[in-house]
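Protein chains: 2
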Amino acid sequence: MSVTLSQVRKGAYYDSVVLMQLQRALLALPGISDAGAVMATPVNLELLEASELRPGEQPGPDDLLIVVRADDQEAAQNALAQVDELLSRRRTAPQGTFRPKSLEAAVRQLPDAAWVLVSVPGRFAAGVAQEALRLGKNVFLYSDNVSVQDEVDLKRRAADLGRLIMGPDCGTAIIGGVGFGFANRVRRGPIGLVGASGTGLQAVTSSIDTLGSGISQAIGTGGRDLHTEIAAGTTLQAIDLLRRDPDTRVIVIVSKPPSPEVVGPVVAAAMATGKPTVVNLIGLPAGGHVRNLHFAATLEDAAALAVRLSEDPPTLEPAQVASGGRRFLRGLFSGGTLAYETVLRLQYVLQPLFSNVAIHPWQALTDPLRSQAHTVLDLGADTFTVGRLHPMMDNDLRVRRLRQEAEDPETSVILLDLVLGEGAHPDPASELAPAIRQAGGHGIQTVVAVIGTESDPQTLAEQVATLERSGATVKIGLEAALETVVAALPLEARSIPVEVPLSVLDETPATINVGLEGFAESLAAQNAHVVHVDWRPPAGGDERLMGILARMKGTQG
Amino acid sequence: MSVTLSQVRKGAYYDSVVLMQLQRALLALPGISDAGAVMATPVNLELLEASELRPGEQPGPDDLLIVVRADDQEAAQNALAQVDELLSRRRTAPQGTFRPKSLEAAVRQLPDAAWVLVSVPGRFAAGVAQEALRLGKNVFLYSDNVSVQDEVDLKRRAADLGRLIMGPDCGTAIIGGVGFGFANRVRRGPIGLVGASGTGLQAVTSSIDTLGSGISQAIGTGGRDLHTEIAAGTTLQAIDLLRRDPDTRVIVIVSKPPSPEVVGPVVAAAMATGKPTVVNLIGLPAGGHVRNLHFAATLEDAAALAVRLSEDPPTLEPAQVASGGRRFLRGLFSGGTLAYETVLRLQYVLQPLFSNVAIHPWQALTDPLRSQAHTVLDLGADTFTVGRLHPMMDNDLRVRRLRQEAEDPETSVILLDLVLGEGAHPDPASELAPAIRQAGGHGIQTVVAVIGTESDPQTLAEQVATLERSGATVKIGLEAALETVVAALPLEARSIPVEVPLSVLDETPATINVGLEGFAESLAAQNAHVVHVDWRPPAGGDERLMGILARMKGTQG
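Chains as they are written, first to last, in the numbering used here: chain A, 1 to 557; chain B, 1 to 557.
Only chain A is shown next, with the shape it has when bound in the complex (with noise of 0.2 Å):
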């Protein structure tokens, strides 16, 4: 027979710590066989509920509240009885150092920091981000549990002020060789990363390090930085802080499943550093590159992609950047599979793109006789078909809509697939020929993915040598088609309002921690001058009092 008692301290501030402390602690105690001391969310009150450790009381989320499973009840009354000397036992400072009580007093103390680190409980870490912004701080923002409001605010302010703010919940980050938060001691190298995921930032430096390779730095942004709320705020940031950093020679871009339309304009960023650029955005479609970028299946195989590139840099012709006139992609396809897969592929790096054979709803082509933006057209489609021959035997309506294109004063590349095979039209080299050297005619480039063998009765070679002539770039395969393609057009220029400063990235940097002990002391075993904030909640967690001491300090609304 066994005797469950509790104990509730109401709307009362202990970090975490100090609770997984108490609660071993407590399970050390004679006659005790299980503990729990949690904050009472209903998430924790199930759990209590599951290990057995149901609470007689109904607590509210903001308290605290204490349970012991034990032998007999006075087993259980004498636990309780300790918890106060238990609690107090912790909050003597170690070591006799001197600690500020604030982080304007820590700012005094160590003002050269450059960054403050804030692993306080969500509902207080806005506020604090906030102050170490107002004093002109960059932010490794730990903390879980922020709103998408207060991240947006966070961000924007940032913005403005060329600050960085790494997270809510980052887990990790390197910076000047330093980890903060989580982080696996890794060699330095040429290799920086950005990362919408800290365990998936881990991953890939580690097997870099494996694989005998270093990093340069590791930008955490926070796990919701790549949805639409936040627009990738902190990532655009780090891409152009990775591209002015002379030690960073190639890019990683790792993030959990992003948001869709986020997507564009950090492709773009990436593809504007000209770095050999690594994208693994969980969730995305993977394999081959355009241009610097190359899109990784998995955190291993982005950390294989990286150290390769950086053994082994690819030259890159340097790119134009658009300003009007010709800059859109027309492809024209016969093959469905062939115009959805240059979809897939070129969708976030081409945008705005449409296709009557579109992935997502916004990239439908609202007419598709008339091409928009960059446009993706399978013109063996069911609607081009009723009473026609398939393109791949009748080349009449290819050859009418690549004129058509070749008239449009937009038009900069155009892409077609010629299939050769049994079937299919006996020379459609020949019928092409004339209407690519019209579009040629009007400075359009015109590349052609050639899908055939050597044994098809059209005889590759000379199909080859047809288009070759009438001025076409030819590949044999997609891939190669696709390479060429987006290598040919221009880039779509794009900056950052207010460039961070170079130097938050500077070597064994100073920092100020707010919350969490031990990660001030992981900084201090890695050499970084570090000032530890002894922490409590404004008002003693307070909210209402909290939000007039804010304004009074400026820091909100």
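Take the hints with a grain of salt, since some may be wrong.
Computed Cβ-Cβ distance ranges for the label pairs, DEER-style [said to hold, decoys possible]:
1. B/GLY162 x A/ARG370: 32 to 40 Å
2. B/LEU211 x A/THR315: 50 to 58 Å
3. A/ALA373 x B/ARG156: 39 to 47 Å
Simulated coverage check for chain B against chain A, where a stretch passes if three residues somewhere in it have a Cβ under 8 Å from a Cβ of chain A [stated by the list, open to error]:
4. 174-186
5. 388-399
6. 444-453
7. 503-510
Here chain A is said to cover these stretches of chain B; the calculated rule only asks that three of the stretch's residues, wherever they fall, bring their Cβ under 8 Å from a Cβ of chain A [claimed, not checked]:
8. 103-117
9. 284-291
Just so you know, these hints were derived from the structure itself, not from any lab. By construction, the Cβ of each residue, glycine as well, lies at the ideal position given by its N, Cα and C atoms.
Let chain A serve as the given structure and place chain B on it in line with the hints.
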């Protein structure tokens, strides 16, 4: 000054080759600058307008519209006056060969034909295919513009009869060494393909040939086969055929973007073949492999992977088959991205799979405190960390959940991550080890994916040793751990209700061709016995009469 004149022929049937040839003949006449001969669908009318061939009349979609633009009125009138003669010129049968007028007559002429190739216009195609099924044949259905309901009916009937319907809108196949429809000339070899994608199959087979290997069979399914309504009817039959085909040593499955709910059964069937299988379902995650399945990123990647697997086939442990009891994975993660990546990579391999980091809505875990079927849990999610340290620092939550899963009689394998580094728990392995040992006592295998470096403060080698002493299987990195997990889980048994006889894949099959004459010529050029049906629409194309005729023959309703 040019003159445009047009002519309408109401409700008449002409096949697409005839129309293409009429248009070309008109263009060749003196004084004609452009010409069109098309069925007057809305899209075709717009296409004529784009070529400045807008007709004066308003014909309906079943009418034939003939338009010419000429230098003067006389040339235009002269051209239109020759239409009848140009159309009839084509009507004479070439070379005086005997051509049956019906499918039934063709079957009497070539009773051994296992295949009927159908390329008549869409609205007649389902009727011809139904008749072919009634006559015991398998069907290559090239025609497009066939309704989804007709496809459902055809494939359901074929499945009951143990017959194969490749299509509708099936562009290509290679059966017993003979290309149907559009097909590249490729070497024979060990690689068998299934494709819900015509040019996808052509691109992969061409690449395989270019890489020096060859094709056993390439079975088309039609582009909609992996849509919800069709539910992979033909694909599942085709995979089962390739499983039994002794000449197929490696399988490749290619598809246009599938409906997500159809992917699971296809992947399960592929796994059940036991043969190395390359999966390239466009738009689905690529990279990595589990058991016999390898996920390709691009069409060319699929070809390269297949060739490599055929040259160096991996050895596989024979799989157990699940029969209730211990059969589910329980993944308990401290790293959110590792949990995401696990859902991403296993979601179609292990079904049903639930998670608190679901990628699709149907994967959402009802209650994060209770596992259902295969479950992947991020224990660092916001709900779990209110007032509690992250599971990388505090193992209490994970140990309790581990014990809970160990008590579940359906748990077969537990997957844990162990993320080392600065900031993390100094010795997580020792805290997890007792619960891993307890799970092992219930016959549950625990697999641990370790993320870390040799320089990490916890000492990687010691952590691994501690875990292994507790009975866990330890892998560095997630990929290797996922492979181990899938290999350890029992397979779900599946089977095809009525097997398609392997004889459909016999060498150089005899075929009956209904529709485009060019396909018969191509079959003959490949030394296949072929009878071409001199097909005309039943009842002159009158839909009401056609319905009555079909019911009399018992091929509809």
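Cross-check of the supplied hints:
no.	hint	result
1	B/GLY162 x A/ARG370: 32 to 40 Å	violated, 48 Å
2	B/LEU211 x A/THR315: 50 to 58 Å	violated, 27 Å
3	A/ALA373 x B/ARG156: 39 to 47 Å	holds, 42 Å
4	174-186	holds (count 7)
5	388-399	holds (count 8)
6	444-453	holds (count 3)
7	503-510	violated (count 0)
8	103-117	violated (count 0)
9	284-291	holds (count 4)
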